[in-house]
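Peer 1: The whole structure should be built from the sequences, with the hints applied where relevant.
One line per chain: the protein sequences are U, L and D, in this order. Using numbering that gives the first Met the number 0, the first residue of the first sequence is number 0, and each one after it goes up by one. Using numbering that gives the first Met the number 0, the first residue of the second sequence is number 0, and each one after it goes up by one. Using numbering that gives the first Met the number 0, the first residue of the third sequence is number 0, and each one after it goes up by one.
What the hints contain is simulated information worked out from the structure, not anything from laboratory work. Predicted model only: the values in this text are computed from it and were never measured. The C-beta atom is built at its ideal place from N, Cα and C for all residues, glycine as well. Don't take each hint at face value.
Here are the simulated PhoX-like cross-link-like pairs (lysine-lysine), alpha carbons at most 25 Å apart as the crow flies [to be verified]: (1) D:LYS69 with L:LYS61; (2) U:LYS69 with D:LYS178; (3) L:LYS65 with U:LYS69; (4) U:LYS35 with L:LYS149; (5) L:LYS309 with U:LYS69; (6) L:LYS309 with D:LYS95; (7) L:LYS302 with U:LYS69; (8) U:LYS91 with U:LYS142.
Chain D is nowhere near these chain L residues, computed Cβ spacing over 10 Å in every case [to be verified]: (9) ASP175; (10) PRO310; (11) GLU312; (12) LEU357.
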Amino acid sequence: MHGVGIIKGMIETARNFAGSYTDPERLITVQYPEEKLPPVENARTIPFLVYDGVDAMAGLRCTACMICEKECPPQCIYIVKDQVKKPDFVGKLQVQPKVFDIDISVCMSCGICVEVCPFDAIKMDQVFELSTNDRFGGLLVDKTQLAKPNEYFVKLHKTEASEIDARREEEKQKAEAAAAAKAAAPKPTPAPAPAKPPAQAPAAATPPTPQTPAQPTAAPAPAK
Amino acid sequence: MMATPSSTDLAEPPSGNPLLEVSLGPQHPSTHGVFRMDVSLDGETVVRLKPVFGYLHRNHEKIAEKCTYLGSIPYTDRLDYICSLTNNWAYAMTVEKLAGLVPPERAEYLRVILSELTRLINHSALAGFLLQDMGALGTPLMYAFREREKILDLFESLTGARMMCNYMRFGGCRCDLPPGWIEQARSVVAKFPSFLEEFEALLTGNEILLARTEGVGVLPAKLAVNAGVTGPMLRASGVNYDIRKVDQYGIYGRFKFRVPLGERGDVFDRYMIRILEMHESLKILDQALREIPAGPIMDPKAKLRNLRPKPGEAYGRIEGPKGELGFYVISDGGPNPYRYRVRPPSLINLTILEDMCLGQTVADVVVILGSIDIVLGEVDR
Amino acid sequence: MDTLDQLKTRIEAAAPGAQVEIIPNGSPANQPSLLVDGGHARAIAQFLRDEPALAFDYASNVTGVDWPEKVTREKVKVKKVVDGVEKGVEELCEKKTPAYLEAVYHLYSMANKQGPLIVRMRTENRTDRVSLPSLTPVWRSCEFQEREIFDLYGIVFEGHPDLRRILMWPEFTDYPMRKDYVEADDYEYEPTPHDDVLAKAKRHYPAGGTPA
Numbered sequence: 000m001h002g003v004g005i006i007k008g009m010i011e012t013a014r015n016f017a018g019s020y021t022d023p024e025r026l027i028t029v030q031y032p033e034e035k036l037p038p039v040e041n042a043r044t045i046p047f048l049v050y051d052g053v054d055a056m057a058g059l060r061c062t063a064c065m066i067c068e069k070e071c072p073p074q075c076i077y078i079v080k081d082q083v084k085k086p087d088f089v090g091k092l093q094v095q096p097k098v099f100d101i102d103i104s105v106c107m108s109c110g111i112c113v114e115v116c117p118f119d120a121i122k123m124d125q126v127f128e129l130s131t132n133d134r135f136g137g138l139l140v141d142k143t144q145l146a147k148p149n150e151y152f153v154k155l156h157k158t159e160a161s162e163i164d165a166r167r168e169e170e171k172q173k174a175e176a177a178a179a180a181k182a183a184a185p186k187p188t189p190a191p192a193p194a195k196p197p198a199q200a201p202a203a204a205t206p207p208t209p210q211t212p213a214q215p216t217a218a219p220a221p222a223k
Numbered sequence: 000m001m002a003t004p005s006s007t008d009l010a011e012p013p014s015g016n017p018l019l020e021v022s023l024g025p026q027h028p029s030t031h032g033v034f035r036m037d038v039s040l041d042g043e044t045v046v047r048l049k050p051v052f053g054y055l056h057r058n059h060e061k062i063a064e065k066c067t068y069l070g071s072i073p074y075t076d077r078l079d080y081i082c083s084l085t086n087n088w089a090y091a092m093t094v095e096k097l098a099g100l101v102p103p104e105r106a107e108y109l110r111v112i113l114s115e116l117t118r119l120i121n122h123s124a125l126a127g128f129l130l131q132d133m134g135a136l137g138t139p140l141m142y143a144f145r146e147r148e149k150i151l152d153l154f155e156s157l158t159g160a161r162m163m164c165n166y167m168r169f170g171g172c173r174c175d176l177p178p179g180w181i182e183q184a185r186s187v188v189a190k191f192p193s194f195l196e197e198f199e200a201l202l203t204g205n206e207i208l209l210a211r212t213e214g215v216g217v218l219p220a221k222l223a224v225n226a227g228v229t230g231p232m233l234r235a236s237g238v239n240y241d242i243r244k245v246d247q248y249g250i251y252g253r254f255k256f257r258v259p260l261g262e263r264g265d266v267f268d269r270y271m272i273r274i275l276e277m278h279e280s281l282k283i284l285d286q287a288l289r290e291i292p293a294g295p296i297m298d299p300k301a302k303l304r305n306l307r308p309k310p311g312e313a314y315g316r317i318e319g320p321k322g323e324l325g326f327y328v329i330s331d332g333g334p335n336p337y338r339y340r341v342r343p344p345s346l347i348n349l350t351i352l353e354d355m356c357l358g359q360t361v362a363d364v365v366v367i368l369g370s371i372d373i374v375l376g377e378v379d380r
Numbered sequence: 000m001d002t003l004d005q006l007k008t009r010i011e012a013a014a015p016g017a018q019v020e021i022i023p024n025g026s027p028a029n030q031p032s033l034l035v036d037g038g039h040a041r042a043i044a045q046f047l048r049d050e051p052a053l054a055f056d057y058a059s060n061v062t063g064v065d066w067p068e069k070v071t072r073e074k075v076k077v078k079k080v081v082d083g084v085e086k087g088v089e090e091l092c093e094k095k096t097p098a099y100l101e102a103v104y105h106l107y108s109m110a111n112k113q114g115p116l117i118v119r120m121r122t123e124n125r126t127d128r129v130s131l132p133s134l135t136p137v138w139r140s141c142e143f144q145e146r147e148i149f150d151l152y153g154i155v156f157e158g159h160p161d162l163r164r165i166l167m168w169p170e171f172t173d174y175p176m177r178k179d180y181v182e183a184d185d186y187e188y189e190p191t192p193h194d195d196v197l198a199k200a201k202r203h204y205p206a207g208g209t210p211a
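Peer 2: Encoded structure:
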């Protein structure tokens with residue numbers, strides 16, 4: 000009979016229509032903004048800068064190494080180094096950024112800045128409700144707007160954050176132990192009289208501490 | 000140079016009516032992107048058709064000469080924006096050939112799994128859009144998109160983004176699977192055949208579909224080969240050329256799957272080929288999801304930053320969902336490529352659009368264009 | 000598939016007078032190419048397509064490449080007479096590689112499932128003698144790709160059925176993919192708020208500082 004195919008198709012449509020009242024598989028509309036879908040762990044929208052502690056500017060992990068600015072494909076990051084250095088989590092004086100702007104109208108959420116950062120300072124955020132009325136300045140976020148605490152990062156990516164925290168804690172303890180050992184060591188003996196053979200000199204010159212502190216500037220591998 | 004040929008060049012049609020010049024596009028509910036066709040009509044029959052594009056030209060090839068090799072990967076996502084992972088793979092494969100990197104086995108399995116999932120989402124989107132072009136007004140499209148959403152959720156939990164995945168790297172993949180991903184993928188693949196059955200019950204016996212697609216837009220095999228047509232369109236004309244079987248790139252040699260071929264090369268054959276290819280992709284996914292080994296996902300020799308391949312050139316190609324997607328990269332030893340070229344399947348497949356449409360009606364033109372499966376991001380780059 | 004040397008001898012036998020050269024490839028990809036001259040390119044292409052053992056019936060990719068003039072300086076030992084004694088002296092020698100535009104064709108055989116055969120053609124210079132024969136009558140797939148090379152590089156293909164701009168609009172005048180292409184100052188409607196792009200664009204804004 001001509002038209003059987005159409006009727007079979009309509010039976011399918013009717014099945015879907017009736018099923019949408021009972022089967023959650025068939026009715027998939029989410030009434031946004033009253034209902035929101037749960038966030039997915041790895042989702043990425045725009046980057047944010049991580050800071051430790053309470054003070055955003057003092058605890059910023061970023062050392063203005065300019066690697067993310069160089070590697071960013073659409074060149075949307077703009078960094079200016081500060082002349083004033085600040086101590087980082089180990090206690091060493093580090094360069095910090097004076098200006099760190101990201102133009103989020105240009106940012107394409109690729110995450111390359113996160114992949115190449117050697118200091119775990121920049122991570123991908125999941126906020127997407129970013130609309131603003133100002134087309135030019137409103138979409139240019141600066142250092143203060145980008146800085147978010149480490150607790151926020153832990154909430155987003157629990158496993159990765161705990162790995163990074165464990166590693167930083169370890170480095171901090173090593174640095175503290177090295178500093179303590181250095182302070183407690185006896186002063187090196189003055190160089191012996193020049194008549195003595197020079198083989199003695201290297202032994203007096205080497206510092207008594209057996210371990211050298213692991214400098215955090217030697218880029219630790221990105222947590223992946 | 001020469002101006003656009005005008006209808007004064009054409010002979011007077013036998014019916015005696017003056018030729019009607021219609022410009023279909025660039026905004027039109029069924030041109031798949033910003034694409035224009037200058038059609039000359041004798042009544043309702045097409046006498047000449049000239050495609051015009053370039054509305055989405057972003058000069059991606061020039062941008063790549065300014066970015067590093069790594070920085071071009073997010074831009075390749077945006078070429079064929081529906082199938083971003085296959086674009087990534089083609090580019091990563093070409094640079095791996097250029098630099099001599101070899102991805103480990105787990106990375107190869109991941110690439111195959113994601114590429115076949117991409118083929119599923121592309122073909123289901125195409126089936127939906129083709130039927131929408133024919134006037135089905137969204138019902139099959141929304142059924143297809145329901146399935147697509149499940150796969151896009153898989154991509155989001157792995158790569159972080161639904162469409163612009165930016166996942167493949169030179170020498171492997173960016174990050175490893177989160178826990179539970181394989182089980183979720185397996186359940187999606189297990190439920191997919193029931194969607195395909197529902198789709199086929201909805202449409203394949205449908206008389207309206209058969210009347211509008213059988214015998215429409217016939218492409219003979221010899222013309223298809225000479226015009227460089229590849230992908231499902233070529234196989235619908237009966238030519239057995241699937242790059243997964245010919246080049247056996249990656250680890251495709253390990254998977255058992257068939258290559259469906261069409262007989263007549265009309266729109267119905269192209270539509271059915273895509274449905275059958277979805278079945279074959281499910282078979283590959285079954286095998287790959289079972290066999291994926293544990294291990295590293297990056298070549299230990301690969302460098303993330305500052306990759307400088309030796310001077311030379313390489314051409315790498317894959318069987319993308321739309322056809323042969325190739326990348327041709329010339330390196331001069333620096334951090335940026337010297338010449339970076341994308342061989343876009345959608346653009347080449349458009350070469351014979353005019354030949355297929357001559358003598359058909361305007362309504363058929365829309366259906367034929369839908370069956371070629373073009374994405375303007377790739378045509379224009 | 001035959002090696003390139005065998006192919007070269009076969010081509011030279013089939014198209015007498017053709018100048019065919021093998022260009023090696025430095026990368027691990029191992030894809031050397033054949034450089035053919037423009038005069039015999041059409042005949043060579045037809046031979047490659049019609050010869051049953053080769054059957055290169057599918058031109059997959061047609062690319063344009065711009066090679067501007069390069070000056071390399073290298074130290075060369077030259078025998079010179081210095082103070083009446085002949086000795087080897089190191090001199091800075093300037094070598095100029097000529098500038099040309101190039102069209103590269105990647106050919107495959109669907110019938111014999113054979114791998115890529117890469118054929119190149121070079122123009123004489125980048126300024127006025129930029130024409131090459133079109134291979135569209137042999138392989139229809141070159142049609143749009145040769146139009147794109149004409150549009151973006153400026154190579155004029157003789158024998159092309161419909162040579163006009165394909166991606167840029169018809170009134171556009173320059174060739175964007177060439178290495179010496181200079182973008183217009185105000186091509187970005189909303190430039191990023193820092194950078195020399197913004198400085199250049201600001202010169203075109205009306206007095207007041209904001210875009211029109």
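Peer 1: Within a Cα-Cα threshold of 25 Å, do U:LYS35 and L:LYS149 meet the stated pairing?
Peer 2: Satisfied, since the Cα-Cα distance of roughly 17 Å is no more than 25 Å.
Peer 1: For L:LEU357, which was marked as not at the interface, is the minimum beta-carbon distance to chain D over 10 Å?
Peer 2: At about 15 Å from chain D, L:LEU357 clears the 10 Å cut-off, so the statement holds.
Peer 1: For L:GLU312, is the shortest beta carbon distance to chain D beyond 10 Å?
Peer 2: violated, 6 Å
Peer 1: If we take the beta carbon of L:PRO310, is the closest beta carbon in chain D still more than 10 Å away?
Peer 2: violated, 5 Å
Peer 1: Run the distance test for L:LYS309 versus D:LYS95: straight-line Cα separation, threshold 25 Å.
Peer 2: This hinted pair holds, its Cα atoms lying about 22 Å apart.
Peer 1: Between the alpha carbons of L:LYS302 and U:LYS69, is the straight-line distance 25 Å or under?
Peer 2: Given that 25 Å is the threshold and the Cα spacing comes to 16 Å, the pair holds.
Peer 1: Quickly compare the C-alpha distance for L:LYS65 and U:LYS69 to 25 Å and report which way the hint goes.
Peer 2: holds, 12 Å
Peer 1: Verify the proposed pairing of U:LYS69 with D:LYS178, using a straight-line Cα cut of 25 Å.
Peer 2: holds, 22 Å
Peer 1: Starting from U:LYS91, check that the Cα of U:LYS142 is at most 25 Å away, please.
Peer 2: holds, 22 Å
Peer 1: Are all beta-carbon distances from L:ASP175 to chain D longer than 10 Å?
Peer 2: About 27 Å separates L:ASP175 from the closest Cβ of chain D, which puts it past 10 Å; holds.
Peer 1: Decide if the proposed pair is consistent with the structure: D:LYS69 and L:LYS61, CA atoms, cutoff 25 Å inclusive.
Peer 2: The given pair, whose Cα atoms are some 20 Å apart, holds under the 25 Å limit.
Peer 1: Under the criterion that the straight-line Cα-Cα distance not exceed 25 Å, is the pair L:LYS309, U:LYS69 satisfied?
Peer 2: This hinted pair holds, its Cα atoms lying about 22 Å apart.
Violated hints, in rising order: 10, 11; the structure is consistent with all others.
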